[in-house]
Amino acid sequence: MNNEIQLGEEFVNYYSELKQEIFTLKSISRIFGGASRETYRLSVLNKDLIETNLIYRRTQSSALIETEQLTEYSAYLAFQDSKVPVPRTIAIEESPDTLGAPFMVMEELRGAAASPFDQEAYSPYEEKLGHQFWDILGEIVLKDIDDPNLASIPRTESKESCWKRELDHWVKVIRQDSYSVEPILEAAIRELYRNYPKDSAKKCLVHGDYRNGNFLSKEGTLVGILDWEMAHIGDPLEDLAWAMSPIWCWKDRDRPSYLIKRKQALDVWQKKTQIKIEVESLAWWELFACVKGLAIWISAGHEFITGSNTDPINLFSAWIPGDIHMEIILETLEKEFRSR
Amino acid sequence: MKPDINIALMLCAQEIATRFLPLLKEEYDQSRLGSWGALTLLSSLQIDGAADNLNKENKLMLDWFTKTKSIINAEDLIHKVEEVESSQLSDIKISTLDLFNQKLRMIFVEIQEYLEDSGDSEYLKESWIILREMHGHRKVSHMLDLLKSDT
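For the protein sequence lines, the chains are A and B, in the order given. Take the working numbering: the final residue in the first sequence is number 346, and no numbers are missing along the way. Take the working numbering: the final residue in the second sequence is number 168, and no numbers are missing along the way.
Honestly, the hints are just simulated from the structure, not real lab data. Treat the hints with care, as some may be off.
[As the list claims (entries may be wrong)] Here are some chain B residues the structure puts well away from chain A; computed CB gaps all over 12 Å:
| # | residue |
| --- | --- |
| 1 | PRO20 |
| 2 | MET27 |
| 3 | GLU32 |
| 4 | THR35 |
| 5 | ARG36 |
| 6 | ALA68 |
| 7 | ASP80 |
| 8 | ILE89 |
| 9 | SER103 |
| 10 | LEU106 |
| 11 | ASP108 |
| 12 | LEU148 |
| 13 | HIS152 |
[Stated by the list, open to error] If you only want the chain B side, here are some residues facing chain A, beta carbon under 8 Å, derived:
| # | residue |
| --- | --- |
| 14 | SER48 |
| 15 | ARG122 |
| 16 | TRP145 |
By construction, the Cβ of each residue, glycine as well, lies at the ideal position given by its N, Cα and C atoms.
So here's chain B without its partners, still in its complex pose (with noise of 0.2 Å):
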């Protein structure tokens, strides 16, 4: 078995971190290649996990969307849902999954404008609990001490 990717972007952050920072002396440089290592390590820890999320979130939306239908009235709207709901990914890349959960994230804003217009309190309450999870897959704000960077 080869060393996975992330394992390498990780033993990398390190090595930028104690090895070649303290070697520069501009305090410029100093700060951007601490950003560069901390963000390198920031990847190799989502990089594992991020197809899965990306397919999880999708089949997330896609069961909502289909619970969703049978209230919306509007066939445009309907089209939409019916044609991402056959759609068949030609492989699981994270390109792939994150190109079609693009798809899905636009019909989930069209949805929810929907129901809101509509007064509907249920589904929108679902939709809500639905975003709280999609974006526990991509929250990176717990790992604010990794990143000791200035804005």
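Chain A with its partners taken away, still in its complex shape (with noise of 0.2 Å):
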């Protein structure tokens, strides 16, 4: 029996444990993407042989962004049901004794993922899934964030800024995970410190990772946000800014996450939190997005080059999205430079 099957397998028995009812085994497939989980889609057959499709992830021994499970399946919970599509959560094991490693359960969304990079990924639907991504972000940032099913999210202190903690943190994964010297990088760490932003007024439900490539969509509908992983409390405009990075919408710069076009993107956005972009605050943030993803990038690298985690995914990781980052940076700081 392969390593797959016998994961399919003893999840099974727990599944059945769980649902005291007997089911077995149709398929089991692991996901390619998404270094910090290991993802599996499985077909499960009760005794009527009605099948149910399920989404199995495992922290893996080495994860990529050290990241609670229970954070990602409460922001799932808090949004069962709501605006927000995701996925039917079924269960959370946060300990490894039951199978192994912590995992937790959901029912498959039926929808199509996406490569970030792939500039006709949404073709013909950019127009209509644009409105939808750009609004559903304003509900994450309209949702209650003393919504108890977020008691466990990570959140600010309450005299720490925002942009202070998430700065700290990431540039605190940069110095312990990097492995060679980036002059570039610590540039624009200096220059954040130097001119942070405002505090904003509102603090709200942050997704961490709010992109194309990390929603399902069928048909021009978008029906599931995911990876909730790195979710936390924090300020409106960082899911906002990470977004509409031009990391994710390489080849046409003007049309963030390569759905509709940036400002368009933002009147949507405002018109459903009602909040007044602060153009600098924005700017602030769309550096600190930069750092962050070369703070994810670095990380990766060092799982492959400590032998952690060989995954290819993590030398991609480094070499392409990290270089993607620095060039951003380096347009953005010599704009900086040449005008002061």
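Got two chains here, each in a separate frame; can you build the complex from them with the hints?
If you want it as structure tokens, here you go:
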């Protein structure tokens, strides 16, 4: 029996016990991409041969970014049956004792994911999906952060600024995992600490990785927002700037996340949130997005170099997205210094 | 003359993509091997110029250090610059050049920060021209199309 089948069989035993009903494994396959969790698509049958499709996400022994399963699961729980489409949650197990690693289980949503580097991924539905994508981000901003389901989501101590908490966190990751000196990145870090943004009047739930590639769509309808593992309470501009980053629309820079035009996107978001966007603050968060991105790609490279996780996605991340974020910083700071 | 490493890597990448990838049934395995093929191809395109690029980067930084030294008023930093200026590399292996490159980059960061604090704009502008050139040596983002991988 190969490892995957064995994993599937062990899971089905667990699932049968959970549901108090006998299930058998029809199929299991691993989904490529996302190095922080091992994600499997499972199909199980009950005694009447009725099929259920599930997503089984296991924490990797070496996760790209150290995040708690509970963070992601809590966000899914908070948005069940809401205007923010998410998969139906089934179970979470934080201990490795049950199936060898912490895991969570959700119902599979029927829809297609896309590569964030494919500019035609959403064609011909860019306009329709674009409005939904930016409107849903507004919905996330409006979510009540005192929802009990969000109690375990990381948040800033009351006196601390959101920008500082986030910047300190990602700079710490860079300091821990860097394998080379990057003067461009160092200049960006200095710039962010020197010219920090105003504190937002409102704190909100931040998805943490809201972009193309992290949602499912089906024939022009956005059916699921995924990958909430970096969710936290923070500044409303953080997700907006991350999703706007040129890395996610590298070949068509004015169409963030390869959906609608930047101005249209900002209008949809502002209309939903009723938050006035401070141009300088958004620019800060956009530069911050590059530093955060580089922290993630550096961390991926570190996993690869040290042999903790030699999945080629880690090498890919360190090479290509890392290079793009470096170039965005370079363009931003070159302009900045030319104007001084 | 023996076949070059870059040619060998390129042929390896082609073989992965055309011969072995179609044999795999699982989507995950296909994606993973496909990524290895694309990354091998990328390596084949980069390896030939790697030593030359590092050598150019090191020279660019050293020349800039020598120019900026005259306006630096920090003994410790000047000492670091003089130390690397007098360094003799034992060979021109990529690893040797890279190790020296890292040392120079650390000093580059310190000088840039010093100039920012002292309000010098002329040498700072030059530093950004150097960084642009250095980035150009390592740039791979234009090869994005080679890699059909999801993150």
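Consistency of the hints with the structure:
1. PRO20: Its Cβ never comes within 12 Å of chain A, the nearest being 24 Å, so this holds.
2. MET27: Holds: least Cβ distance 17 Å, greater than 12 Å.
3. GLU32: holds, 16 Å
4. THR35: holds, 18 Å
5. ARG36: holds, 18 Å
6. ALA68: It holds; B/ALA68 is separated from chain A by about 16 Å at its closest Cβ, greater than 12 Å.
7. ASP80: holds, 15 Å
8. ILE89: holds, 16 Å
9. SER103: holds, 21 Å
10. LEU106: holds, 18 Å
11. ASP108: Given a closest Cβ separation of 20 Å, the condition holds.
12. LEU148: Answer for B/LEU148: violated, closest chain A Cβ roughly 6 Å.
13. HIS152: violated, 6 Å
14. SER48: holds, 4 Å
15. ARG122: Constraint on B/ARG122 satisfied, holds at 4 Å.
16. TRP145: Where the cut-off is 8 Å and the nearest Cβ of chain A is about 5 Å from B/TRP145, the hint holds.
Hint compliance for this structure: hints 12, 13 are not met, and every other hint is.
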